[in-house]
Structures are given as structure tokens and as C-alpha cells.
Amino acid sequence: MSAEIAYELHSYTGGRWKIQGFFDDRDLAILEARRMDESRRFPAIRVVEERFDPETGGYKSRTVYRSSALDQHNDTALKERAEARREATATRTARNDAKVNEGKAGSISSSLPMLAVKAVLLVALGFAAIWALNHFGNT
17 MSAEIAYELH SYTGGRWKIQ GFFDDRDLAI LEARRMDESR RFPAIRVVEE
67 RFDPETGGYK SRTVYRSSAL DQHNDTALKE RAEARREATA TRTARNDAKV
117 NEGKAGSISS SLPMLAVKAV LLVALGFAAI WALNHFGNT
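When we follow our numbering, the leftmost residue of the sequence shown carries the number 17, and every step to the right adds one.
Calculated directly from the structure, the hints in this document are not laboratory data. Hints may contain errors.
Claimed, not checked - Cβ-Cβ distance ranges computed for the label pairs, FRET-style:
(1) A98 <-> R42: 27 to 35 Å
(2) L137 <-> R101: 46 to 54 Å
(3) E54 <-> K95: 20 to 28 Å
(4) E20 <-> E54: 47 to 55 Å
(5) R101 <-> E20: 43 to 51 Å
(6) A60 <-> A106: 32 to 40 Å
Virtual Cβ for every residue (Gly too), placed ideally from N, Cα, C.
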């Protein structure tokens, strides 16, 4: 069964992938890919597993290792962006909580005088209505 599986080591150069080696052992192929990646000679490295399918008579390929300088840069940028998003969310939440607390304290203190004015106005209108009914109702 292992004779039906091969591992190809590919390097990306000049806008295309080039086979650098063949391996029967997956771990050995990945070890060599990491060694080549550390040399920084190639912008990208991958190991492709080639599995023979006796039913179709062809090979099925899948990438088992991939590394590139761009992948590392993207991972770093993604982590930095996630950290910035967390900080912004925390700051925004704290600011909104402070506004809500200020709004509650301000609305209570400003609503009490307004409530008193409305109550006095309502009582005055009530007395005016009673006076008008008594004054115009008797004539």
C-alpha cells in the first residue's frame, strides 16, 4: 500500500511550481520542506501527497504541507488585526457604558423638575376647568 503513495516536494519560483524531490515517507518530505523553507531560497514550499487510485488508474493529489513568506505575513497581520479589533471593542464598550451611566444620572436629575412642572400645570388646568364649569355653567 505504501508503494501507491508518494510525496512530492514543490517549490514556487518564477510564477510556477517546480518539483524539487520525491519521497516515500511523509515525515521525511515535510522535514525537507521545512529545511528548504528555513533557507528562504524559495518564496513558497509545499508537499503534495500523490495517491494511486486503482479504480480510475489515476492519482489523487492533496497538499499535506504548505508554507510561504506570504502565509507567515498574513498570519501575523491577522493576529494584529484581531487584537486591534478586541481593543477597539473593549474601548467602545467602556465608552458606551459610561455614556449610559451618565445618561441615567442626568435623566433622573433633569426629569424630576420636569415632572414637578407637569404636575403643577395639570393641577392648574384642573382648577381652571372646574372654575370655568362653575362660572359658565351657572349663567
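Would you list, in rising numerical order, the hints stated earlier that this structure does not obey? The structure breaks only hint 4.
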